[in-house]
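Student: Chain A is fixed; fit chain B onto it per the hints.
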Amino acid sequence: MSDAVWSAEPTTPEAIERALRRLVHERHTENGGYVPGRTLNLVCFVDRAYVGEALNRLRAAGRNQPSRLILLTYEPRRRSLEGQVVVAARDRPTAAGAPIALFETVRVALGESHLDDLETIVDPLVATDVPTLLWAPHGHREALERLAPLAQAALIDSAAHQRWQAALRQAAELSDRLYVVDLAWLRPAPWRARLAAAFSRPARRAELEAIAAVTISHHPDYTASALLLAGWLASRLGWRPTPLYAGEGRGAIASGKLRSRRQEVRVVLRGLPQELTPGLSSVCVETASGRSLTLSRGPGGLHAHERLPRGQERRWVILGASRGEGGILGEGIRQALLRDPTYLPALQAAQALAPL
Amino acid sequence: MASAPTATAPQAENPLAAGQERLPAEPTTLVIFGATGDLARRKLLPALYNLAHDGLLPERFYLVGVARREREHEHYRQECEEAIRAHSRRAPDEDVLRNLLANVRYIPGQFDSDHLYERLGQLLDQLDEEAGERLARAYYLSTAPAFFPLIVEALGRHGLAQQREAAVRVVIEKPFGSSLEEARELNRRVLAVFDEEQVFRIDHYLGKETVQNMLAFRFANGMFEPLWNRNYIDYVQITAAEDIGIGGRAGYYDKAGALRDLIQNHMLQLLCHVAMEPPVIFNAEQVRNEKVKVLRAIQIPQHDRVAEVAVRGQYGPGHLAGEDVCGYREEEGVPPDSRTETYAALRLEVDNWRWAGVPFYLRAGKRLARKLTEIVVTLKPVPHLAFSQERSLGVRPNQLVMTVQPNEGVSMALGAKIPGTRMSIRPVNMEFNYGTTFLSESPEAYERLIGDVLIGDPTLFTRDDEVEAQWAICQPILEAWEASAEPPETYEAGSQGPAGATRLLLPGHSWRAI
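These protein sequence lines are chains A and B, in that order.
The first sequence begins at 1 in the numbering used here and counts up one residue at a time.
The second sequence begins at 1 in the numbering used here and counts up one residue at a time.
No lab work stands behind these hints, which were simulated from the structure alone.
All values derive from a computational prediction rather than experimental measurement.
Careful: at least some of the hints might be erroneous.
Short, incomplete list of chain B residues facing chain A, as computed with Cβ under 8 Å [said to hold, decoys possible]:
{"#": "1", "residue": "Gln-20"}
{"#": "2", "residue": "Ala-52"}
{"#": "3", "residue": "Asp-54"}
{"#": "4", "residue": "Pro-58"}
{"#": "5", "residue": "Arg-60"}
{"#": "6", "residue": "Leu-100"}
{"#": "7", "residue": "Pro-406"}
{"#": "8", "residue": "Gly-500"}
Quick partial rundown of chain A residues pointing at chain B, CB under 7 Å, derived from the structure [unchecked claim]:
{"#": "9", "residue": "Ala-193"}
{"#": "10", "residue": "Ala-197"}
{"#": "11", "residue": "Pro-299"}
Some chain A residues flagged as far from chain B (calculated, every beta-carbon gap over 12 Å) [as the list claims (entries may be wrong)]:
{"#": "12", "residue": "Thr-12"}
{"#": "13", "residue": "Leu-23"}
{"#": "14", "residue": "Arg-63"}
{"#": "15", "residue": "Gln-170"}
{"#": "16", "residue": "Arg-204"}
{"#": "17", "residue": "Ala-246"}
{"#": "18", "residue": "Ser-282"}
{"#": "19", "residue": "Gly-298"}
{"#": "20", "residue": "Gln-312"}
{"#": "21", "residue": "Thr-342"}
{"#": "22", "residue": "Leu-356"}
Every residue, glycine too, gets a C-beta built ideally from N, C-alpha and C.
Isolated chain A, as found in the complex (with noise of 0.2 Å):
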């Protein structure tokens, strides 16, 4: 099927629902096979100038994408609206009759003078019944804030703004009236499921109560990830997160000790400057007995250093595929449908434990 297109300017928000209306009752009527998509509404406030970036890296998710875009994308100047309504299906209604999804994208063009009245705009344009994400991937906070009315979740990076400190910050005020899903917090999700699984077996369990020491390495620029992988240790394990200092040791950026039931965990986060890859780079959990577990990116997953109290060695690697960061947002897309209840705890540790 070709896409569906609309598009007018001056226009207004109902002429642009009334379109979209129109088109999918069109692409349903030439094939009943075609139905609207109906998983999520992916509000996108961007800047006109980086309206390419912001598609190419929704292309790039893959298969998690969301049943409607509302692309909002602002010119400062702009004094009408813009808008455009495309319609498209990812494949043909086959001969079995399975029903293909509809996916729409609704683009709107904006100025600073549609601002204070944003979620008045938007309102007419999401899916009734359907979760709502909202995403500034460049900033633009105040949109956010206009819009959380109408949204369930907020899509953020806090390892994308510039001050990490802020960052966290401001995720933690997004919580309060938001779902919050951080790429930040989904980039070592497999890392801390390798943990977890470290420590699944009984015997191994009762060594969480003994880490004595925990070593995150990562991207210069990474170190919200760092922190909220510390931050969750700390939230799981109970330990009292307190600010960790910067610039002690060689190559660390900040390092202190938290106090357990037990005993002091040492805390280290190590900005790699080398580094390319974005995320984390290495973990390293040691325990009181001298035992260590240390978590490398590798090709084909995770590669895993074992030293145990005797001093044998132990490598080996952990099956998983990367997901580059399109396959992250994707999983930011899906994950906006699901709840974690460790994001929050860990996120007001991680703050807790922001360097002085």
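Tutor: Showing chain B alone in chain A's frame:
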């Protein structure tokens, strides 16, 4: 029998496991018996690859293939690679595939040879040593059913059925016996070696998302429960229709037939999902307890009444998708005088407070008009109709249709006013489609089930008493058919099945068109 530790209960106490989408599986060696067979190539190996791709295999994982054919480790790795490339639902990531294959081993041998198990034991110990810890062991029996008890007993004899520091599990493919007596005997022999908590009897239907969704649909929505009983439901119909014939499976199918192949396991599971009471919590014990209660409440047909509640048929030549197709007896490998049923339909009653008097119609068959698996719940008609039925299609009872395949979803047939000046009613559908409502691609049933074996969660597997209760329902029917001089009724390939199936229907009921 000493109980091996299972992963399920202690995992919940791991504070790092909270919030994870999937509980971590303990380090494991998976041994596939029948590793070069069709099931392994088409389903098990691709499922393992996809689990690896998604990071859902244990952090230490080895795969050992066991089969009769002689080959080296490397040769088997190549076969695994070919199977994964050919049948995986997504293109393999080369690094993940290479690392997965690096941990694959192969042992050739006869399943009844002690030497095989000695070598297997040595290899498993060697892999434990390589990993530096005792690995959990999962034995997947993907062989001909005749080997199941031999393999299980040999594992027991060679001390491979239990270990202290890690779990040992055994996965048994279907069919679990071919009669009640065989199922009981197989249970007896398996449970003489393993504890029930170690045994995972596979019914891959239970791994399908839509089958699991039936429980969510019933127990997460308050609107259905008040109607879900004999006061409002007129009858339930469960259909598993295939348009294909038997392919190259004549050897198996001619001994099994439709009742053993589909109804005894898959369709009775679907019936249980429709009829069971809500479990207090969603865990293996509670869910399976409720299913067993349903199976035990089903009236077991008396021999002399089988003809009233069961119909069998066999497809003859016909037309499908514009092509001529041969009849069952003309299929390659099928005896020309075969009396095996390729279609079976039953009328069952669940004798309990909720369902007394509500017939459950089950039908399964090959070479029917199209491929379709669905559950249809038909409500009783409204007691009084104020509208004229003149010039309308009329008011029909509401129907709730849960489609398992091919278009997974749920639809509800309602009466609605036809636009116009008259109050005319016709049925309309309100539909929910999986494909248009959820983002994610559903994992294959085997991915879910193997993943559950690795974490030790038996909720989606059939328990010993469950499988025996299933057989107890089917056994009298099988015996009556075997004793009968009447051959199965012939139906035209590509049709709705044998005309005699209507004999099962109570007045006012009808088979839904396939």
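Student: Give a verdict on every hint.
Tutor: Here is how each hint holds up against the structure:
1. About 6 Å separates the beta-carbon of Gln-20 of chain B from the nearest beta-carbon of chain A, less than 8 Å, and the hint is met.
2. Using the Cβ-Cβ criterion of 8 Å, the hint placing Ala-52 of chain B at the interface with chain A is satisfied: the shortest such distance is roughly 4 Å.
3. A hinted interface residue such as Asp-54 of chain B counts as satisfied when its beta carbon comes closer than 8 Å to some beta carbon of chain A; here the least separation is about 7 Å, so the hint holds.
4. The criterion of a C-beta within 8 Å of any C-beta in chain A is met by Pro-58 of chain B, whose closest approach is roughly 7 Å, and the hint holds.
5. The beta carbon of Arg-60 of chain B comes within 6 Å of a beta carbon in chain A, closer than 8 Å, and the hint placing it at the interface holds.
6. For Leu-100 of chain B, the interface hint holds, the least distance from its beta-carbon to any beta-carbon of chain A being 6 Å, beneath 8 Å.
7. Below 8 Å, beta-carbon pairs count as interface contacts, and Pro-406 of chain B has one with chain A at about 5 Å; its hint therefore holds.
8. Taking 8 Å as the C-beta contact cut-off toward chain A, the hint placing Gly-500 of chain B at the interface is violated, the least distance being around 29 Å.
9. For Ala-193 of chain A, the shortest C-beta to C-beta distance to chain B is roughly 6 Å, which falls under 7 Å, so the interface hint holds.
10. With a cut of 7 Å, the hint placing Ala-197 of chain A at the interface with chain B holds, because the nearest CB-to-CB distance is about 3 Å.
11. Hint status for Pro-299 of chain A: holds, given a least beta-carbon distance of 4 Å to chain B, under 7 Å.
12. At roughly 29 Å from the closest C-beta of chain B, the C-beta of Thr-12 of chain A stays outside 12 Å, upholding its exclusion from the interface.
13. Here Leu-23 of chain A stays apart from chain B, with its beta-carbon at least about 17 Å from theirs, past the 12 Å limit.
14. Not every beta carbon of chain B lies more than 12 Å from that of Arg-63 of chain A, the smallest distance being close to 6 Å; the non-interface claim is violated.
15. With a closest Cβ-Cβ approach of about 22 Å to chain B, Gln-170 of chain A is found to remain outside the 12 Å limit, as its non-interface label requires.
16. A beta-carbon of chain B comes within 12 Å of the beta-carbon of Arg-204 of chain A; the shortest separation is about 9 Å.
17. Against the 12 Å criterion, Ala-246 of chain A stays outside the reach of chain B, whose nearest CB is about 27 Å from its own CB.
18. Consistency note on Ser-282 of chain A: stated as away from chain B, and its beta-carbon is indeed over 12 Å from all of that chain's, at 16 Å minimum.
19. Listed as a non-interface residue, Gly-298 of chain A fails to keep its Cβ farther than 12 Å from every Cβ of chain B; the least gap is roughly 9 Å.
20. A beta-carbon of chain B is positioned within 12 Å of the beta-carbon of Gln-312 of chain A; the least distance is around 7 Å.
21. Under the 12 Å C-beta cut-off, the non-interface status given to Thr-342 of chain A relative to chain B is violated; the minimum distance is some 4 Å.
22. For Leu-356 of chain A, the condition that its CB be more than 12 Å from all CB atoms of chain B holds, with the nearest at approximately 28 Å.
Hints 8, 14, 16, 19, 20 and 21 from the earlier list are contradicted by this structure; the remaining hints agree with it.
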